[in-house]
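K.L.:
In case you want the letters, here they are:
Number of protein chains: 2
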Amino acid sequence: MRTSIATVCLSGGLVDKLHACAAAGFDGVEIMDADLVAAVESPEEIRALCARLGLTIDLFQPLRDCEGVDDATFADNLRRARAKFEVMRRLGASMVLVCSNVGTATIADPEVAARQLGQLADAAAEYGISIAYEALAWGRFVDDYRDAWNIVERADRANLGVCLDSFHVLSRGHDPAGIEGIDPAKLFFLQLADAPSLDMDVLSWSRHHRLFPGEGQFDLTTFLSHVLRAGYTGPLSLEVFNDTFRQTDVTRTAAHAHRSLRWLYNSTVRANGQLDAQVAPPQPPHAVDFVEISGSDLSSVEQILDQLGFDFGGGHRTKAVRLWRAGEASIVLSEEPRAGEPHIEGIGFTVTDAQAAKRHAVSIGATPRFRRTRAGDAELPTVSAPDGTGIYWSSASTAESWVAEFEGGQTSEIDSLHGVIDHLNVALPWHEFDEAVLFNIGVLALDPGTSADLAGPYGLVRSQVMRTRDGSVRLAMNLAPPTAPLQPRHIAIRVDDVIAAAERARRSGLPSLPIPDNYYDDLHARFGLDDEFLHLLRELNLLYDRDANGSFLHFYTPTVGKVFFEIVERRGAYDGYGAASTPVRLVAQEDRRAG
Amino acid sequence: MRTSIATVCLSGGLVDKLHACAAAGFDGVEIMDADLVAAVESPEEIRALCARLGLTIDLFQPLRDCEGVDDATFADNLRRARAKFEVMRRLGASMVLVCSNVGTATIADPEVAARQLGQLADAAAEYGISIAYEALAWGRFVDDYRDAWNIVERADRANLGVCLDSFHVLSRGHDPAGIEGIDPAKLFFLQLADAPSLDMDVLSWSRHHRLFPGEGQFDLTTFLSHVLRAGYTGPLSLEVFNDTFRQTDVTRTAAHAHRSLRWLYNSTVRANGQLDAQVAPPQPPHAVDFVEISGSDLSSVEQILDQLGFDFGGGHRTKAVRLWRAGEASIVLSEEPRAGEPHIEGIGFTVTDAQAAKRHAVSIGATPRFRRTRAGDAELPTVSAPDGTGIYWSSASTAESWVAEFEGGQTSEIDSLHGVIDHLNVALPWHEFDEAVLFNIGVLALDPGTSADLAGPYGLVRSQVMRTRDGSVRLAMNLAPPTAPLQPRHIAIRVDDVIAAAERARRSGLPSLPIPDNYYDDLHARFGLDDEFLHLLRELNLLYDRDANGSFLHFYTPTVGKVFFEIVERRGAYDGYGAASTPVRLVAQEDRRAG
Numbered sequence: 001m002r003t004s005i006a007t008v009c010l011s012g013g014l015v016d017k018l019h020a021c022a023a024a025g026f027d028g029v030e031i032m033d034a035d036l037v038a039a040v041e042s043p044e045e046i047r048a049l050c051a052r053l054g055l056t057i058d059l060f061q062p063l064r065d066c067e068g069v070d071d072a073t074f075a076d077n078l079r080r081a082r083a084k085f086e087v088m089r090r091l092g093a094s095m096v097l098v099c100s101n102v103g104t105a106t107i108a109d110p111e112v113a114a115r116q117l118g119q120l121a122d123a124a125a126e127y128g129i130s131i132a133y134e135a136l137a138w139g140r141f142v143d144d145y146r147d148a149w150n151i152v153e154r155a156d157r158a159n160l161g162v163c164l165d166s167f168h169v170l171s172r173g174h175d176p177a178g179i180e181g182i183d184p185a186k187l188f189f190l191q192l193a194d195a196p197s198l199d200m201d202v203l204s205w206s207r208h209h210r211l212f213p214g215e216g217q218f219d220l221t222t223f224l225s226h227v228l229r230a231g232y233t234g235p236l237s238l239e240v241f242n243d244t245f246r247q248t249d250v251t252r253t254a255a256h257a258h259r260s261l262r263w264l265y266n267s268t269v270r271a272n273g274q275l276d277a278q279v280a281p282p283q284p285p286h287a288v289d290f291v292e293i294s295g296s297d298l299s300s301v302e303q304i305l306d307q308l309g310f311d312f313g314g315g316h317r318t319k320a321v322r323l324w325r326a327g328e329a330s331i332v333l334s335e336e337p338r339a340g341e342p343h344i345e346g347i348g349f350t351v352t353d354a355q356a357a358k359r360h361a362v363s364i365g366a367t368p369r370f371r372r373t374r375a376g377d378a379e380l381p382t383v384s385a386p387d388g389t390g391i392y393w394s395s396a397s398t399a400e401s402w403v404a405e406f407e408g409g410q411t412s413e414i415d416s417l418h419g420v421i422d423h424l425n426v427a428l429p430w431h432e433f434d435e436a437v438l439f440n441i442g443v444l445a446l447d448p449g450t451s452a453d454l455a456g457p458y459g460l461v462r463s464q465v466m467r468t469r470d471g472s473v474r475l476a477m478n479l480a481p482p483t484a485p486l487q488p489r490h491i492a493i494r495v496d497d498v499i500a501a502a503e504r505a506r507r508s509g510l511p512s513l514p515i516p517d518n519y520y521d522d523l524h525a526r527f528g529l530d531d532e533f534l535h536l537l538r539e540l541n542l543l544y545d546r547d548a549n550g551s552f553l554h555f556y557t558p559t560v561g562k563v564f565f566e567i568v569e570r571r572g573a574y575d576g577y578g579a580a581s582t583p584v585r586l587v588a589q590e591d592r593r594a595g
Numbered sequence: 001m002r003t004s005i006a007t008v009c010l011s012g013g014l015v016d017k018l019h020a021c022a023a024a025g026f027d028g029v030e031i032m033d034a035d036l037v038a039a040v041e042s043p044e045e046i047r048a049l050c051a052r053l054g055l056t057i058d059l060f061q062p063l064r065d066c067e068g069v070d071d072a073t074f075a076d077n078l079r080r081a082r083a084k085f086e087v088m089r090r091l092g093a094s095m096v097l098v099c100s101n102v103g104t105a106t107i108a109d110p111e112v113a114a115r116q117l118g119q120l121a122d123a124a125a126e127y128g129i130s131i132a133y134e135a136l137a138w139g140r141f142v143d144d145y146r147d148a149w150n151i152v153e154r155a156d157r158a159n160l161g162v163c164l165d166s167f168h169v170l171s172r173g174h175d176p177a178g179i180e181g182i183d184p185a186k187l188f189f190l191q192l193a194d195a196p197s198l199d200m201d202v203l204s205w206s207r208h209h210r211l212f213p214g215e216g217q218f219d220l221t222t223f224l225s226h227v228l229r230a231g232y233t234g235p236l237s238l239e240v241f242n243d244t245f246r247q248t249d250v251t252r253t254a255a256h257a258h259r260s261l262r263w264l265y266n267s268t269v270r271a272n273g274q275l276d277a278q279v280a281p282p283q284p285p286h287a288v289d290f291v292e293i294s295g296s297d298l299s300s301v302e303q304i305l306d307q308l309g310f311d312f313g314g315g316h317r318t319k320a321v322r323l324w325r326a327g328e329a330s331i332v333l334s335e336e337p338r339a340g341e342p343h344i345e346g347i348g349f350t351v352t353d354a355q356a357a358k359r360h361a362v363s364i365g366a367t368p369r370f371r372r373t374r375a376g377d378a379e380l381p382t383v384s385a386p387d388g389t390g391i392y393w394s395s396a397s398t399a400e401s402w403v404a405e406f407e408g409g410q411t412s413e414i415d416s417l418h419g420v421i422d423h424l425n426v427a428l429p430w431h432e433f434d435e436a437v438l439f440n441i442g443v444l445a446l447d448p449g450t451s452a453d454l455a456g457p458y459g460l461v462r463s464q465v466m467r468t469r470d471g472s473v474r475l476a477m478n479l480a481p482p483t484a485p486l487q488p489r490h491i492a493i494r495v496d497d498v499i500a501a502a503e504r505a506r507r508s509g510l511p512s513l514p515i516p517d518n519y520y521d522d523l524h525a526r527f528g529l530d531d532e533f534l535h536l537l538r539e540l541n542l543l544y545d546r547d548a549n550g551s552f553l554h555f556y557t558p559t560v561g562k563v564f565f566e567i568v569e570r571r572g573a574y575d576g577y578g579a580a581s582t583p584v585r586l587v588a589q590e591d592r593r594a595g
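Residue numbers (the numbering used here), protein chains in the order written: chain L, 1 to 595; chain F, 1 to 595.
Careful, some of the hints might be misleading.
A few chain F residues facing chain L, derived, Cβ under 7 angstroms [to be verified]:
hint	residue
1	Ala-38
2	Val-40
3	Asp-201
4	Gln-247
5	Asp-249
6	Arg-262
7	Val-362
8	Pro-457
9	Leu-460
10	Pro-481
11	Pro-485
12	Pro-516
13	Asn-518
Don't read these hints as lab results, they were simulated from the structure.
Cβ coordinates follow ideal geometry from the N, Cα and C atoms, glycine included.
Go ahead and model the full structure; you've got the sequences and the hints to work with.
P.N.:
Encoded structure:
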């Protein structure tokens with residue numbers, strides 16, 4: 001597979017973009033004319049730079065509104081095109097994109113479009129240039145790839161073919177199966193973009209909200225399957241217009257983009273049963289093995305764990321790392337002088353084959369991460385998530401072999417806490433959200449679950465749950481509004497009896513997050529709870545939710561640095577996260593910070 | 001006119017919101033139940049705080065999905081409602097909003113809705129509470145205010161009336177003239193919101209994109225005229241859900257909100273010919289009288305003006321202020337030790353009646369601004385724009401009387417520059433944009449002109465021109481992407497011969513912003529300009545645009561601090577700003593900064 005990307009996906013100047021594309025591992029680029037026009041470097045310099053960086057210039061995009069016009073307009077279009085073909089000669093680019101006319105077309109006749117594209121192709125041929133003709137979803141007369149192919153067939157020129165763009169096909173709901181009917185020699189180019197399901201005009205949707213493959217709701221695996229079965233052998237190229245990516249760091253976005261293509265290609269190959277021996281399969285996690293908290297002083301975290309009823313699992317025999325356990329829930333504390341405030345530093349997952357999980361992750365562009373081990377220490381394959389969090393895998397067959405490295409742990413007390421890690425709640429800056437979605441799908445093999453907009457005191461928080469199908473691993477990702485302070489992250493421990501857990505925490509002197517009386521009056525109004533139960537909830541600062549499947553009770557610890565804990569109990573088949581109570585929790589935490 | 005605002009418009013906790021509403025001058029508030037539920041203060045405390053602040057609680061919003069349901073569901077709804085009526089009793093609120101059912105309604109019969117609302121009203125009556133019933137634009141069976149009124153009429157309870165919301169009426173394109181057919185005794189409440197024209201689903205449009213009156217595309221003056229003619233005498237209340245306002249400073253947003261209501265009310269009264277003697281009419285500007293640049297060291301600015309061919313107009317007789325003039329274009333330089341980098345500090349406008357302009361501005365909430373004058377100095381009525389820029393007005397009859405305060409100016413040289421201020425280009429942080437639109441419409445009496453999305457190297461820049469109809473005053477407002485550095489602002493001087501101006505600047509050693517060769521190759525392709533003209537443009541770093549009306553030539557000076565200058569020439573009836581060249585200019589300026 002050759003990979004390519006349109007320079008319009010990235011921020012900054014053209015030279016910076018090219019360096020970033022090469023560093024990310026792309027084989028080629030589509031150059032948007034506007035990027036070249038604004039560059040101080042000549043076409044010859046850009047050509048030479050691409051050659052040095054090992055990038056081919058797969059496509060150039062200088063033309064719009066060419067065909068379907070009257071003869072005088074077409075003559076001027078041909079003049080414009082020749083001037084751009086001249087630029088392409090200097091640039092060393094041999095394929096040009098022509099999108100269906102959106103602005104100036106006055107003639108709906110495909111015969112006229114074919115004649116004019118044929119003439120354009122003949123002019124291009126003089127420069128050794130091929131034309132890839134693409135139906136835009138909002139083209140005035142041509143807005144379906146099948147019509148574009150029909151016009152290309154009519155024009156019948158060797159250097160005229162079609163360009164397919166997944167957005168233009170799927171946004172209109174056109175069946176991509178028809179792609180297999182196109183002559184493979186005429187499939188000149190392929191542009192890929194994902195997008196969220198949005199009910200809005202297709203032009204704004206395309207201009208502002210495209211996403212990299214895997215981050216939206218399009219079925220790109222099926223789309224690409226049709227294209228590959230049709231016999232397409234050119235590059236897979238990304239063309240993603242997105243307000244966020246245009247603003248973010250170019251090197252990081254290019255790496256992110258390349259990961260999305262590798263993920264899509266691997267998924268498609270796998271879906272078609274054409275298993276490449278080199279491509280390790282993804283390893284969906286069975287459970288959260290442990291969560292690692294790091295900081296320069298973790299004594300407050302340790303105190304909270306102790307007060308919650310965690311057992312001390314011992315100190316690591318060679319590192320300044322301590323283990324705390326509550327049944328299946330393991331928290332690893334790594335104290336390092338320069339680690340700053342307490343924060344979630346890493347997450348361990350149990351998978352079928354830990355080495356395969358890492359090989360798969362690296363194959364789609366995850367960054368390997370160094371983990372210091374001494375003789376006899378367990379090997380935990382490790383990568384870094386885009387936000388820097390460490391991802392550790394241990395094989396189910398050897399799970400918890402690392403636990404034996406901890407010495408001096410205490411045996412379980414009678415009233416110690418027993419639970420599992422129910423979910424992690426991870427706040428992300430707005431411009432890192434889509435990248436994290438892709439990482440969680442592609443590398444961690446999680447599926448998108450429910451999503452919701454929650455009203456916080458400083459703006460709406462978009463929440464997206466990523467999970468395994470059975471719910472054994474759940475990450476709730478929160479997208480904070482741009483101006484709001486980034487929320488701390490938290491670890492939710494699920495227990496069988498949250499009331500007992502709350503009472504135990506209270507006995508040991510742990511203050512739980514105080515919840516206002518008005519909240520309990522509201523619970524009374526919403527659910528008609530009986531007075532005794534309501535009184536108990538109020539006394540213990542427990543939050544409550546109920547739906548058709550069951551109910552949810554939970555409480556929060558104070559925040560230490562950038563982390564806090566939540567203790568939850570799921571009754572019946574309740575599968576949510578108490579979202580209705582989130583605004584109350586956010587305000588209460590804000591009050592604590594301010595107070 | 002009584003003014004009110006829904007607490008959901010603002011950020012932060014309920015107590016902060018109430019203080020901000022009172023400080024902004026609101027008479028009352030609509031309290032959103034979620035704000036109360038999350039508050040640590042009891043309903044009694046909130047009631048007492050509102051009383052101390054002089055705020056009435058005009059509406060409470062705790063109920064949804066009440067009517068059009070089966071009997072068992074309605075019985076539970078009634079139970080929920082009674083619990084909330086009890087909270088209202090404690091809160092001292094006597095009107096509750098009931099929106100048409102969007103979630104649980106199963107019965108489309110207005111008779112059933114009327115019966116259930118009647119029962120709800122009877123329960124409310126026990127608590128002395130009135131119900132305002134509102135048709136949501138996306139209500140399942142009731143989505144038109146005329147249907148809501150029909151149901152209220154059928155139910156026929158003294159304490160049941162309708163609530164009108166401009167968004168729900170205008171977003172659906174319903175004719176607001178029918179409001180005049182509603183019994184005025186049944187017009188219980190009025191919610192006002194503006195919105196941009198967007199082609200998207202109405203629920204997302206409402207939740208995320210509402211604007212304060214004057215900032216969007218709804219004809220609220222006509223809407224409010226119908227409501228007032230119908231005999232409505234209750235408060236005008238704002239209900240604006242907007243992702244931006246929820247994040248911005250609560251005090252500033254409340255003041256901004258109150259300005260929008262005053263502007264709307266004044267405009268509506270004026271449009272109906274009911275001139276209130278206390279309400280001064282707006283004063284559309286005739287011209288930009290001057291622009292004031294401030295800074296701790298303005299020598300670089302002074303050198304650029306000198307090199308451009310501005311004449312030194314003298315020093316102020318009592319202040320450290322100097323005047324530079326190029327024909328009609330006046331630049332005032334205020335050097336102050338702590339003024340920081342050079343920046344645009346103020347803008348002077350010529351109007352028919354300067355005192356009336358200020359009275360009008362203050363009547364809709366603009367902040368008066370102190371301006372130090374000595375005996376004999378001209379009185380320039382002054383306010384501050386929301387971003388802190390000073391706005392000065394001088395009456396046309398006494399225009400430039402302030403010029404006489406400057407002494408020691410030089411007489412015009414032979415090749416000095418002659419021009420007028422064509423436009424100002426003002427970059428704004430994203431969360432101050434709508435506020436500035438309202439200020440420019442309401443206080444400066446400018447109209448929205450063209451708007452466009454321009455691709456900058458670090459994201460799309462939304463550009464909105466505000467202008468007088470004749471184009472004599474133009475402000476181009478640019479909304480920068482959140483993470484991009486805020487662009488400097490600039491002053492565009494229009495001359496008759498920009499080529500001569502560019503040559504003069506070059507002779508005096510002023511480096512103009514260098515424009516890449518590729519840009520001129522592109523001009524050649526786009527416009528087929530002849531070689532000699534193209535050569536001239538290239539030599540002088542002139543940018544060029546052409547449309548059906550005429551053409552536009554311009555160049556830029558280097559940036560000093562936060563300001564730079566543009567010299568423009570409009571040929572024929574060209575009325576734009578060379579937007580197609582803006583990406584090239586932005587990249588060139590970015591290269592200068594980095595280089």
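K.L.:
All hints, please: hold or fail.
P.N.:
Hints versus structure:
| no. | hint | result |
| --- | --- | --- |
| 1 | Ala-38 | holds (4 angstroms) |
| 2 | Val-40 | holds (4 angstroms) |
| 3 | Asp-201 | holds (4 angstroms) |
| 4 | Gln-247 | holds (4 angstroms) |
| 5 | Asp-249 | violated (9 angstroms) |
| 6 | Arg-262 | violated (26 angstroms) |
| 7 | Val-362 | violated (30 angstroms) |
| 8 | Pro-457 | holds (5 angstroms) |
| 9 | Leu-460 | holds (6 angstroms) |
| 10 | Pro-481 | holds (5 angstroms) |
| 11 | Pro-485 | violated (11 angstroms) |
| 12 | Pro-516 | holds (4 angstroms) |
| 13 | Asn-518 | holds (5 angstroms) |
Hints 5, 6, 7, 11, counting from the list given before, are not met by this structure.
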